Amino acid sequence: MPKRLLALLLVLPALVMIVLFFIVPLFASIVGAFEVGETFGLGNFSKSFELYSSDMIFTVVIVAVSTLLIGFFSIAIGGYLTLGENPRAVALLRWLYRWPMFIPFIVVGQVLRTFLAKNGLMNNVLVSLGILTPLQTVGFLDWRGIVIAFVWKQTPFVTLLLAGAMASLDRSTIEAARNLGASRLRILIEIVLPQVAPTLLVGLILSFVTMMSVLSVPLMINAQSPTMLTADIAFRINAHGDYGVANALGLISLLLTAGVALIYLRQSMKERA
Amino acid sequence: MMARVDFWWLPRAFVLGLLAFVIFGPLTNLVLWTVAEKWYFPHMLPLEYGFSFWQRVFSPRGNAMESLMTSIVIAALTVIASLALAIPAGYALSRLKLPFRGLILLAFLIPQAFPNLPVYVNIARFFYQIGLNGTIAGVVMVHVTHGLVYAVWIATAAFSAVDIDLEEAARSIGAGPFRAFRDVTLPLAAPGLMASAIFVFLESLDEFTGSYFVGAPDVNTLPLLLYTAGSGGNYQIASITALLLLVPSIGFMLVVERFLRADVLSKVGH
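Protein sequence lines, in the order shown, are assigned to chains Y and Z. Take 1 as the starting number for the first sequence in UniProt numbering and just add one per residue. Take 1 as the starting number for the second sequence in UniProt numbering and just add one per residue.
If you are wondering where the hints come from, they were derived from the structure by calculation, not from laboratory data. Model, not experiment: these values are computed from the prediction. Be aware that a few hints might be false.
Short derived list, chain Y residues pointing at chain Z, Cβ under 7 Å [as the list claims (entries may be wrong)]: (1) Phe21; (2) Leu26; (3) Met101; (4) Val111; (5) Leu129; (6) Gly130; (7) Ile131; (8) Ser213; (9) Phe235; (10) Ala239; (11) His240; (12) Gly241; (13) Ser253; (14) Thr257; (15) Val260.
For each residue, glycine too, the CB sits at the ideal point set by N, CA and C.
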């Protein structure tokens, strides 16, 4: 079949790129996790758990909390965009919510580091408005700062996907429920949300994976212990040249993500089938 | 009815105002930092404004111009390489019969579907052995791999959105397959391809983790400069660099819908 061969040849260069520069190093990292000196063993893992088990919990909790908050806010914004009755407020919200979407994580880190600090603009405004006294201010540059950065940056992305899915729903069931006197909150939860749940799931999973691999935000907002696994991996490499423990930590974060990625793969295979 | 409207505008205005503060507060803060000569607690606003840090950043001795040029060169090379790979792949995925088409499409998502930090660490180790570490070529390769999912998926969607009858009409009046592609399909898919090019360009411009391991300290892109300036406590320089990265991103957000029309968008990932 020459035509099939041609098609394969056209796709092949791009596929080779993925294999060479992603899949091969991914395997190298998995194999490297078990390399202890010249032999293979579990030494890197026992060292990882010994040094970084609190950071593992910290990472999972931060990413899980952020994912839940992103889900909540995107449902709220998407729901209002779909069911809102004041056209001016809907237009304003549509214009407003997307701003952080394409802002790079490293910029988000810098922006929020200066905004959320103990002497940042947020506290300065609160002090000037008389809501806080200078002595009452607290900086948010710890786990809260990381969560805020993730939610700030990822909510627009999930909302965009979700609002798109909501907009393409059949309006007649919504109108029917409205005519029967159902409240908008009830319509959102009982009619709209079940139909867009697959899109919400895909958006949240992509966000989860993204947050698991972001290095710049934890480095810039909260580099001291406890911190996220990405910062630990960078530290193992830069300070100790310790590829073994770095790879073991990588494999652990991979396994944490794998469960979630599997849900995504199953979902998108179902849609494709 | 009237009473309900009167009652609801207040919470609505409050929530929208709060959202505006949450989104624009940090951005305003960034802009203030770029022009703050003197700013300390507990003053809400800077005490002195000026552009002396801008002069320092853009002076011939400053390394921001060099970083900006490096970043733009890397992003441009990344776009060229990605499109050279994605246009044939996207055409094949949208038009030709391909075994395991769904799996191939998913394969391009792999770099986004796994945490990529351990991968970058090992690429850096491998590149170090073959002398690619700390080179522009090495950084471009990492960026291409990461951006390929946008390039291929959007190119596939853009070609799918072009009516196949037009291509067949060109073929039936005697155009060869390559000519039909070049003169009919490619121009019609151009807006979608443009969108994928912008996506890839921005991804490369903003990429930090890969450049941090593969490029630093020899290849100094803008995000790396931002990181070094920020961790050195120089918030003015870091904020100016951040603003330079912010402007193209926000510009893209405002025009994205012009390039990525709904008919293309609805076909992404299919």
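Now the hints, each set against the structure:
no.: 1; hint: Phe21; in the structure: holds, 4 Å
no.: 2; hint: Leu26; in the structure: holds, 5 Å
no.: 3; hint: Met101; in the structure: holds, 6 Å
no.: 4; hint: Val111; in the structure: holds, 5 Å
no.: 5; hint: Leu129; in the structure: violated, 9 Å
no.: 6; hint: Gly130; in the structure: violated, 12 Å
no.: 7; hint: Ile131; in the structure: violated, 12 Å
no.: 8; hint: Ser213; in the structure: holds, 4 Å
no.: 9; hint: Phe235; in the structure: violated, 12 Å
no.: 10; hint: Ala239; in the structure: violated, 13 Å
no.: 11; hint: His240; in the structure: violated, 13 Å
no.: 12; hint: Gly241; in the structure: violated, 10 Å
no.: 13; hint: Ser253; in the structure: holds, 5 Å
no.: 14; hint: Thr257; in the structure: holds, 6 Å
no.: 15; hint: Val260; in the structure: violated, 9 Å
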